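Fit chain B to the given chain A structure using the hints.
So the protein lines, in turn, are chains A and B. Letter 16 of the first sequence, counting from 1, is numbered 16 in our numbering, and no numbers are missing. Letter 114 of the second sequence, counting from 1, is numbered 114 in our numbering, and no numbers are missing.
Think of the hints as simulated: they come from the structure by calculation, not from any bench. One thing to keep in mind: the hints can contain errors.
[Stated by the list, open to error] Which residues of chain B face chain A? A few of them, derived with a C-beta cut under 8 Å, are:
# : residue
1 : L10
2 : G35
3 : L43
4 : R84
5 : K86
6 : L88
7 : G89
8 : M91
[What the hints assert, rightly or not] Derived Cβ-Cβ restraints for the label pairs, each shown as a range:
#  : chain 1 : residue 1 : chain 2 : residue 2 : range
9  : B       : Q164      : A       : E10       : 45 to 55 Å
10 : A       : S133      : B       : P22       : 40 to 50 Å
11 : A       : D72       : B       : R159      : 43 to 53 Å
12 : A       : H61       : B       : R84       : 43 to 53 Å
13 : A       : G162      : B       : P22       : 17 to 27 Å
14 : A       : R124      : B       : S786      : 18 to 28 Å
15 : B       : A167      : A       : D130      : 36 to 46 Å
16 : A       : S133      : B       : H24       : 18 to 28 Å
17 : A       : R124      : B       : G183      : 23 to 33 Å
18 : B       : D30       : A       : S160      : 24 to 34 Å
19 : A       : E10       : B       : D291      : 43 to 53 Å
20 : B       : V309      : A       : R124      : 27 to 37 Å
21 : B       : A153      : A       : D130      : 39 to 49 Å
Predicted model only: the values in this text are computed from it and were never measured. No residue lacks a Cβ here, since even glycine has one placed at the ideal position from N, Cα and C.
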Amino acid sequence: MESVTKILCEQAQAGSREAYDRLFALHTDRALLFIRSRLGPKLRTSLESRDVLQDAYLAAHQGFGDFTYTDDGAFLRWLCRIIDHRLCDLGNHFAALKRQPVELPRADISGPLTQLDRVEHQERVARALDTLSEDHRQVLLLRFFQGLSAEEAGQLLQRSPGAVRNLTARALVELGKNL
Amino acid sequence: MSDSELDQLLEVHLAGGQPSVPDHLRPDFDRAVAGYAALQRALGETVTTAAEAVADRPPPELPADYEIVRELGRGGMGIVYLVRQKSLGRMVAVKVLRPGEATFGRMLQRFLEEARHLARLRHPNIVSVHEVGRAGDEPYFTMDYVEGEPLSALLARERLSPTQALALWKQAAEAVLHAHAQGIIHRDLKPGNVLIDAQGRAYVTDFGLARDMTQSSQITRTGEVMGTPAYMAPEQALGQIDQIGEATDVHALGAVLYEMLTGDAPYGKDAPANVLIRLLKEEPQPLRRIDKRIPVELETICLKALAKVPSRRYATVRAFLEDVHRFESGTPVLARRPGIVQRAQRVARQHWKTATWVTATAAVMLALTSLAVGPGVQDLLVAGDERHAGGEHSKAVGLYRRALQRAFNTDRVRILERLLRCSQEMGDREAAVDAGVELLQWDPEAWLGEYDYPVAQAVLERKISIADVPFRGGTLSTAELAINRLDAFLRHPHGTAGERLEAADLLARLRQSLGKEPQQSLAEILPKWTLPNQSPEDLLTAADEPGAPVLKRTEAAYAAGAIRKRAGDRTGALAAYRRAFDILQAAYPIYAGTNGGIESFRPHSLQWELKEPKLLRHLARAIHRLDSTSPELLRGGLRFRIAGVDLSPDLGIKLSVSLWNPEEPDPGRGHRTIRGQTIPEVLGEAPVQLDQTAWVGVADGRYRLMVDTGSRSSQGSGQAGRQYNMLEFDFSDLPEMVEIRGHTVELPAIRAKLVEVLEGLNPAENGSIDPQRTVFQWDAFPLAESYRVTLWRTVLTEGGGVYFKESHTATVSLPQLRLADLPGEEAHKLGLLHRGSTGAWSVEAFDGEGRWLARSRAQRAFVVSDGSQAR
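Just chain A, with the same shape it has in the complex:
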């Protein structure tokens, strides 16, 4: 069975805007989960998350030519990284965000039930992420959302890969506790 993401990626890279929109729409909920957790409970409001998403949507579209599909999850990881970069560029300061009005594709989640189930689960995960310490949340976002290796994450966090693994393990334990 071929992954939808893969098909859409191919179509989008072949120039189909529609496919790109669908692809993006398919990942909207998870991108929002990332943004939400990335901002942490203090910074965000749901609207800000959407603003960031809007911003990322454009940035992603511009950089989409460089994206290579490797496996399921690759697009999301790539998207999360773009979002992360945008947030870093902006110094987390959205008030300074220069926004262009964009119509986002509507989040595409399958039927109401799937949506329900998914939304519920994501809500649970998001809440659990909220309860984590800054370190723990950050390491989980880097490693599992952005898909960085322990070494890559270590560079960003200025820790040894071992320490990152360690931190990851602790963070997962905490996450599991708070689910």
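The following block gives chain B in isolation, referenced to the frame of chain A:
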């Protein structure tokens, strides 16, 4: 170090290995694995989401008897295939739980639930289920195959005539009715869920969201707000789970009918956010405004089904259907035009503080419609209570009286109690006393409050006795009845000082006549707030003490009169009473028509009257009793009239009336400033009646007059003036001096004008604004020196509800506000600078001293139409 051990174990696990975990690490390891699994699940790909992209997804492996012909469509949680059932040589539809979705837990339970629901429903307009089974991992059920198209497709293609529309709609309604009878609420009725076959038969499908009322199933708890915005009921949009019931489907059927008749859904079908705002805030456009050919009755029926509040809709689909049948057969329908009742209701929802009486009135009118069917005692009582709560006491009395005619003895007590209370509030002393007397005969122990004394008098006058005390037996003589009353009266702090003295006198005499108990002392009789036991002369001296509160002085003089009267000194008593009257009248000439101010506008509080007019009336009576030749002092009054504005139920006006004798140096009341003048404190507030007038009883005399609206007296808090809502008044035609001589003086009209409600927004409810350019503007309010603008960000939730979220208030001195002028941080926090965000705003006005003057009539919703850049 255990952490590094743990992280190695995890690495192995994440790489797909199965590490052996030492016991002491097991709990943490399991948690971490759970955490990881949850993350993966949250981030996982949705493999089967995009139908078109995966059109070649392998079909499920159904039993050999079934041969898949093609996919028919995708429903809430399954894919439906057209299948040939070989053994029976027929076509059936098979619904398979979406492959790729978790086929366990809640999802599966729901899927099977739907199958179970459908299996329970045997109805010609509902597809029947044949079989439930499992193909590999994928559960499925088979059902009738309906060769047809969804109603939505039909509607998209053509407009139906009302007759065609009803023919189809009734079938769908019958199906829903059947489901309700089985305890199943559909909750997602829409044209897309009604299939129409070639013969014009309708089938209701997709019970995927249905809820079983007969079981307290928790399965759907979190899914309650789901549905399709265009056909959702407000209670669904708001996620009011406990409100969802048959009336929710009634609303949906109403919405479907609406669309079948007009071609459009009642709240449109554009962006769900807009639909939801309209659903919650607006009334649907009357059908005949869209198409004149739609019969009036059908419009009425349809709009009733679409009422925002479930209780205002048809209670059941059956009632809905019956009204439609009535319409078809030409008999009058039961639904009523949404006239003033609902308008009032709407207003009341928005301004409950200003319009509490409106709510009640509206409720009563509805209750009255149901009376036509044949009211029982209980209905009459309920209707009466609502009238009563709405301040329409005389109507309430009428209802109570009707109830009384039909009531059994056991009900009489509670009806009579209401009659008494109601008459009391109307100031109809006689009626109250009558009710009290009658009440006593059913319940000799009843508590009549301040009416205990007059009822005792009536008992004596009418020589009432009870031969057989209800429920208890025995007899009560007239004297015993009266003694009980008087005793009760004196035990509670009711009545004026004079009344209490008289009551004590009477009690003592009655007891003497029955050979019981000695007289009570004055100190026992008078409530604590009155006076020490003094001689009449001392009391009269106290009454003339300058600077003492008027009420105290009046009571002192009155007490002196009462003591003298008791001692048989009628002349002295009369002189003291007259003195009391003069003292009070100079400061407080109003004897009727006012009430205790703003308090009475509070919901659920009974109206009350200031003590002064009560005392003034009592004094006049006391004087008249002693000297029947003295002129009747309390006959005249002032009538105010409001012109220029039609009083609708959402406008309440109270006139604050100040009257004082310009020659009296100090009337002993507080002072206040109205329009730059310092005058004695307001005497009372006269509510303007629906006939646009207010009548105030004023004792004969010549007074200075000053009128204002609303209560801004010290007792009113910041919220005080709410009853006059954006009205501007012109009092300049009123005379400065008035003279009352036993007649009602008709005053020139007070001109009122409804201040135009906020401008600057598109008149449509959902104004669209450009935050950079839009200026919120409103008309200047008279006397207002500052305005407080409240801006809300409204949020549309996943479930579709509209919530008022963050708000920001800004105070400005000019009647306008530019969104872009808000401090950047605030504006940003509100998130109102971006295209597509939704908000609402309202304005309140304050005078120079920061007192609350007025508010805009409703929050105005808006949508930010133009994107913008912060800063």
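Quick rundown of the hints versus the structure:
{"no.": "1", "hint": "L10", "result": "holds, 5 Å"}
{"no.": "2", "hint": "G35", "result": "holds, 3 Å"}
{"no.": "3", "hint": "L43", "result": "holds, 5 Å"}
{"no.": "4", "hint": "R84", "result": "violated, 26 Å"}
{"no.": "5", "hint": "K86", "result": "violated, 28 Å"}
{"no.": "6", "hint": "L88", "result": "violated, 30 Å"}
{"no.": "7", "hint": "G89", "result": "violated, 32 Å"}
{"no.": "8", "hint": "M91", "result": "violated, 24 Å"}
{"no.": "9", "hint": "Q164(B) to E10(A): 45 to 55 Å", "result": "holds, 48 Å"}
{"no.": "10", "hint": "S133(A) to P22(B): 40 to 50 Å", "result": "violated, 26 Å"}
{"no.": "11", "hint": "D72(A) to R159(B): 43 to 53 Å", "result": "holds, 47 Å"}
{"no.": "12", "hint": "H61(A) to R84(B): 43 to 53 Å", "result": "holds, 46 Å"}
{"no.": "13", "hint": "G162(A) to P22(B): 17 to 27 Å", "result": "holds, 20 Å"}
{"no.": "14", "hint": "R124(A) to S786(B): 18 to 28 Å", "result": "violated, 47 Å"}
{"no.": "15", "hint": "A167(B) to D130(A): 36 to 46 Å", "result": "violated, 55 Å"}
{"no.": "16", "hint": "S133(A) to H24(B): 18 to 28 Å", "result": "holds, 24 Å"}
{"no.": "17", "hint": "R124(A) to G183(B): 23 to 33 Å", "result": "holds, 31 Å"}
{"no.": "18", "hint": "D30(B) to S160(A): 24 to 34 Å", "result": "holds, 27 Å"}
{"no.": "19", "hint": "E10(A) to D291(B): 43 to 53 Å", "result": "holds, 49 Å"}
{"no.": "20", "hint": "V309(B) to R124(A): 27 to 37 Å", "result": "holds, 34 Å"}
{"no.": "21", "hint": "A153(B) to D130(A): 39 to 49 Å", "result": "holds, 45 Å"}
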